[in-house]
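J.: Please construct the entire structure, taking both the sequences and the accompanying hints into account.
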Amino acid sequence: MSVDTSEVRRIAHLSRLAMNDDQTRDFAGGLSDIFAFVEQLNGAAIEGVEPMAHPLDAEQRLRPDAVTEPDQREAYQAIAPAVEGGLYLVPRVIE
Amino acid sequence: MAQETLSGWVRKLQAREISSRELTQLYLDRIERLDPQLNSFITVTAEQALAQADAADARLAKGEQSPLLGVPVAQKDIFCTEGVRTSCGSRMLDPFVSPYNATVVERMNAAGAVMLGKTNMDEFAMGSSNETSFYGPVRNPWDTERVPGGSSGGSAAAVGARLVPGATGTDTGGSIRQPAAFCGITGLKPTYGRVSRYGMIAFASSLDQGGPMAATAEDCGRMLNAMAGFDERDSTSVERPAEDFTAGLEQDLKGLRIGLPTEFFGEAGLDERVRGVIDAAIEVLKGRGAEVREVGLPNSHLSVPAYYVVAPAECSSNLARFDGVRYGYRCENPEDLMDLYTRSRGEGFGDEVKRRIMVGTYVLSAGYYDAYYLKAQKVRRIIADDFCRAFEDVDVLLAPTTPELPFALGAKADPVSMYLSDIYTIAANLAGLPAMSLPAGEIDGLPVGLQLIGNYFDEARLLGVAHQYQQETDWHARVPAAFA
Chain L
1 MSVDTSEVRR IAHLSRLAMN DDQTRDFAGG LSDIFAFVEQ LNGAAIEGVE PMAHPLDAEQ
61 RLRPDAVTEP DQREAYQAIA PAVEGGLYLV PRVIE
Chain E
1 MAQETLSGWV RKLQAREISS RELTQLYLDR IERLDPQLNS FITVTAEQAL AQADAADARL
61 AKGEQSPLLG VPVAQKDIFC TEGVRTSCGS RMLDPFVSPY NATVVERMNA AGAVMLGKTN
121 MDEFAMGSSN ETSFYGPVRN PWDTERVPGG SSGGSAAAVG ARLVPGATGT DTGGSIRQPA
181 AFCGITGLKP TYGRVSRYGM IAFASSLDQG GPMAATAEDC GRMLNAMAGF DERDSTSVER
241 PAEDFTAGLE QDLKGLRIGL PTEFFGEAGL DERVRGVIDA AIEVLKGRGA EVREVGLPNS
301 HLSVPAYYVV APAECSSNLA RFDGVRYGYR CENPEDLMDL YTRSRGEGFG DEVKRRIMVG
361 TYVLSAGYYD AYYLKAQKVR RIIADDFCRA FEDVDVLLAP TTPELPFALG AKADPVSMYL
421 SDIYTIAANL AGLPAMSLPA GEIDGLPVGL QLIGNYFDEA RLLGVAHQYQ QETDWHARVP
481 AAFA
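Chains L and E, in that order, are what the protein sequence lines are.
So for the first sequence, our numbering puts the first residue at 1; every next one is plus one.
So for the second sequence, our numbering puts the first residue at 1; every next one is plus one.
These aren't lab readings, by the way, just hints derived from the structure by calculation.
Please read these numbers as outputs of a predicted model, since none were measured by experiment.
For each residue, glycine too, the CB sits at the ideal point set by N, CA and C.
Careful, some of the hints might be misleading.
[Claimed, not checked] According to the in silico footprint, chain L covers these stretches of chain E (three or more CB under 8 angstroms from chain L):
| # | stretch |
| --- | --- |
| 1 | 88-100 |
| 2 | 298-308 |
| 3 | 331-337 |
| 4 | 407-416 |
[Said to hold, decoys possible] Derived DEER-like restraints, expressed as beta-carbon distance ranges:
| # | chain 1 | residue 1 | chain 2 | residue 2 | range |
| --- | --- | --- | --- | --- | --- |
| 5 | E | Gly367 | L | Ala53 | 17 to 25 angstroms |
| 6 | L | Asp57 | E | Gln14 | 40 to 48 angstroms |
| 7 | L | Glu74 | E | Ala55 | 24 to 32 angstroms |
| 8 | L | Ala53 | E | Gly296 | 23 to 31 angstroms |
| 9 | L | Glu59 | E | Asp444 | 48 to 56 angstroms |
| 10 | E | Arg33 | L | Arg10 | 46 to 54 angstroms |
| 11 | L | Arg10 | E | Asp370 | 14 to 22 angstroms |
| 12 | E | Thr144 | L | Asp57 | 40 to 48 angstroms |
[What the hints assert, rightly or not] Chain L stretches covered by chain E per the calculated footprint, using a threshold of three residues with CB under 8 angstroms from any CB of chain E:
| # | stretch |
| --- | --- |
| 13 | 22-35 |
| 14 | 80-90 |
T.: This is the structure we're talking about:
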């Protein structure tokens with residue numbers, strides 16, 4: 001499968017990755033090669049095979065619905081790029 | 001001095017022949033003097049290391065016998081370390097000082113290990129050459145014009161050059177074994193679920209597994225004893241009683257059934273000289289009583305393509321958390337929220353990470369899920385089933401770790417040719433099996449790795465086979481001349 005630049009722009013947008021035109025062109029080549037490579041999977045004999053999501057086919061472990069983690073708001077906010085009054089700052093969303 | 005193994009140092013520390021402070025200083029001096037040639041460390045934590053060493057000396061003075069008490073180690077920079085930058089080799093996490101420790105770090109600290117620093121790696125563990133790191137490439141101590149392998153290339157190069165006796169790695173598609181092979185050391189990827197993933201920055205969660213890297217199988221067993229164990233904070237951690245991974249070291253090889261997967265020897269890409277080294281290693285094991293037979297893994301040729309659907313899919317989902325809001329890199333002067341997200345990610349991630357995020361986003365997008373992700377998961381099962389059938393007839397599988405010798409920096413510019421460097425390692429990740437690489441020879445002054453793959457939870461047996469091989473050979477004891 002070949003990926004053109006408009007497709008790369010679409011995927012980059014879904015991936016939330018800013019990209020200029022040169023980068024879009026460069027990625028089109030690499031992504032096309034990768035999708036061509038994974039086409040080998042089309043020849044696999046997988047009729048009736050159950051998909052494998054976990055190597056040991058383990059099931060989700062449940063735990064009691066109890067508080068286990070202490071409040072670490074200050075420690076976690078100390079490493080944020082921008083905080084004020086205990087809130088994470090982002091550009092204005094609502095005018 | 002620095003030729004001594006991790007296990008050897010533990011014995012000398014216990015016998016009080018050297019203090020942890022002296023030993024820590026010895027390796028810190030080596031890092032300062034020699035690492036500029038390699039770039040194997042992103043962060044050196046000298047002050048904290050000496051404080052940990054003093055604490056270890058106090059415990060040693062009281063006669064304590066923790067498995068790693070007083071011995072210097074390094075942590076791959078993918079493991080969160082409280083109060084110490086945890087970059088994952090990425091600009092995205094360059095400003096990130098972790099507020100907590102990974103379970104692996106916590107357990108190794110408790111066992112008395114002294115952390116010298118954080119090792120360099122491919123960005124977010126995505127790479128096979130350590131060239132994708134934001135902090136620059138790592139160089140191979142056997143030839144500094146060549147790559148050390150990846151993604152745990154910093155750990156492999158540091159141990160290979162004896163800048164540290166042992167280091168942690170992580171292995172999603174070969175990231176412990178391939179660099180171990182390229183740097184002439186021993187490295188083990190445990191069974192999926194053995195080592196907690198809590199605080200280990202996620203790449204592909206159904207494949208990622210941490211493990212030890214050191215000079216010998218004995219060292220790896222000793223480290224794994226400290227690293228492994230059930231952790232309720234990792235939802236895929238396996239609940240099994242604690243095990244001594246050094247218990248099988250003295251087991252002789254009489255009657256051991258070794259399988260040689262035909263597909264791992266017949267591939268066109270296998271360097272004949274590498275094949276020669278592996279053949280010689282097989283003779284050594286036969287000489288100690290092992291029986292060798294061929295086995296088939298008929299779907300193994302689908303491993304790399306299946307991996308490059310499953311791993312990017314999981315990566316795109318895991319790396320969605322990096323948004324420029326809560327921690328990590330944020331772009332300058334964002335115009336609006338979308339601009340903040342897209343530029344923080346666009347500027348914070350390198351090309352290979354972006355490529356994999358985009359592949360993953362695509363294969364999971366509406367209309368493509370069945371054609372890619374679901375299909376790859378089905379292929380994953382038939383690959384795992386092949387191994388289960390093989391282990392009905394044999395105890396361990398033996399193969400080359402890599403098809404070729406360590407390559408030159410810059411030699412693999414296109415992504416797919418780089419991906420094929422892991423052609424022999426990826427299948428064990430897809431199946432979740434334990435596998436290791438150990439040094440088995442040299443060609444033109446470059447090390448060659450031998451791979452052993454075991455059945456689920458059979459790490460002790462793998463380490464035993466490797467240890468028996470290391471009793472007969474000295475490849476694991478060789479150090480590159482420039483670092484001897």
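J.: Now, for every hint given, state plainly whether the structure supports it.
T.: Results for each hint:
| no. | hint | in the structure |
| --- | --- | --- |
| 1 | 88-100 | holds (count 4) |
| 2 | 298-308 | holds (count 7) |
| 3 | 331-337 | holds (count 4) |
| 4 | 407-416 | holds (count 3) |
| 5 | E/Gly367 x L/Ala53: 17 to 25 angstroms | holds, 21 angstroms |
| 6 | L/Asp57 x E/Gln14: 40 to 48 angstroms | holds, 42 angstroms |
| 7 | L/Glu74 x E/Ala55: 24 to 32 angstroms | holds, 27 angstroms |
| 8 | L/Ala53 x E/Gly296: 23 to 31 angstroms | holds, 26 angstroms |
| 9 | L/Glu59 x E/Asp444: 48 to 56 angstroms | holds, 50 angstroms |
| 10 | E/Arg33 x L/Arg10: 46 to 54 angstroms | holds, 51 angstroms |
| 11 | L/Arg10 x E/Asp370: 14 to 22 angstroms | holds, 20 angstroms |
| 12 | E/Thr144 x L/Asp57: 40 to 48 angstroms | holds, 45 angstroms |
| 13 | 22-35 | holds (count 7) |
| 14 | 80-90 | holds (count 5) |
Taken one by one, the earlier hints all hold for this structure without exception.
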